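> Sequence:
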Amino acid sequence: MIDLDTFLTTLYVMADDFCQSRCPKAKHVPGPMASLQCSEVITLALFGQWVQFPSERAFYRYAQHHLRAAFPQLPDRSQFNRLMRDQRDVITAFGLHLVERLQAQACVYEVLDSTAAVTRDAKRRGAGWLPGQADIGWSNRIGWYEGFHLLLCVTPMGVITGFGFGAGSHARSEVGLDFVCAPSASNGALAK
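Residue numbers are given in this note's numbering: position 46 of the sequence shown equals residue 57, and the series is strictly consecutive.
It cannot be assumed that every hint is accurate.
Each pair of labels, with its calculated beta carbon distance range [said to hold, decoys possible]: (1) Arg99 <-> His76: 24 to 34 Å; (2) Ser89 <-> Val122: 29 to 39 Å; (3) Met168 <-> Thr20: 32 to 42 Å; (4) Asp16 <-> Arg68: 21 to 31 Å; (5) Pro65 <-> Arg99: 36 to 46 Å; (6) Pro65 <-> Phe18: 13 to 23 Å; (7) Gln31 <-> Ile153: 29 to 39 Å; (8) Gly154 <-> Val24: 31 to 41 Å; (9) Tyr120 <-> Asp14: 37 to 47 Å.
FYI, nobody ran anything at the bench for these hints, they're computed from the structure. The structure displayed is predicted, hence computed values, not measured ones. Glycine included, every Cβ here is placed at the ideal spot set by N, Cα and C.
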């Protein structure tokens with residue numbers, strides 16, 4: 012098992028190389044400069060999903076207490092969320108780049124598994140966030156939740172090669188209908 016510092020450093024270096032070689036230079040927008048670079052946002056976003064934190068707030072508390080030395084410009088959680096939303100396409104492109112770089116499509120088998128992607132506390136009243144898309148579902152890991160049902164295809168090394176998601180109440184078979192795979196080496200197109 013790799014230690015945390017080595018994992019974060021490796022992930023950051025890979026993200027930084029990707030951003031420098033494949034991402035266009037960011038346009039200057041009015042207002043102050045972002046506190047984190049694109050590669051730092053990618054690193055934190057992926058790390059937040061790699062370790063099983065019970066919530067987004069739990070991840071951010073961990074980052075503030077344990078990762079401040081590695082990310083001294085760590086902003087407030089709401090600003091970090093905006094930075095992640097702004098870099099959504101780059102994070103996705105980096106994920107596909109990792110699949111290609113780790114030669115995940117050449118592996119003998121892949122494993123399908125599902126998990127809950129929580130968007131808010133299921134006990135709160137009101138329409139909630141993303142009404143009509145996210146709804147109440149059951150997860151063996153966390154119990155009742157409001158959000159999405161996420162289906163992942165993973166190699167033995169842990170590389171995500173495909174995913175599908177639907178409302179929390181959707182069964183695994185319903186989510187599988189919208190399953191998206193990473194580009195294979197043979198055809199280079201997304202399978203759906």
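> Of the numbered hints stated earlier in the document, which are not met by this structure?
As far as the earlier hints go, 3, 5 and 9 are violated by this structure, in ascending order.
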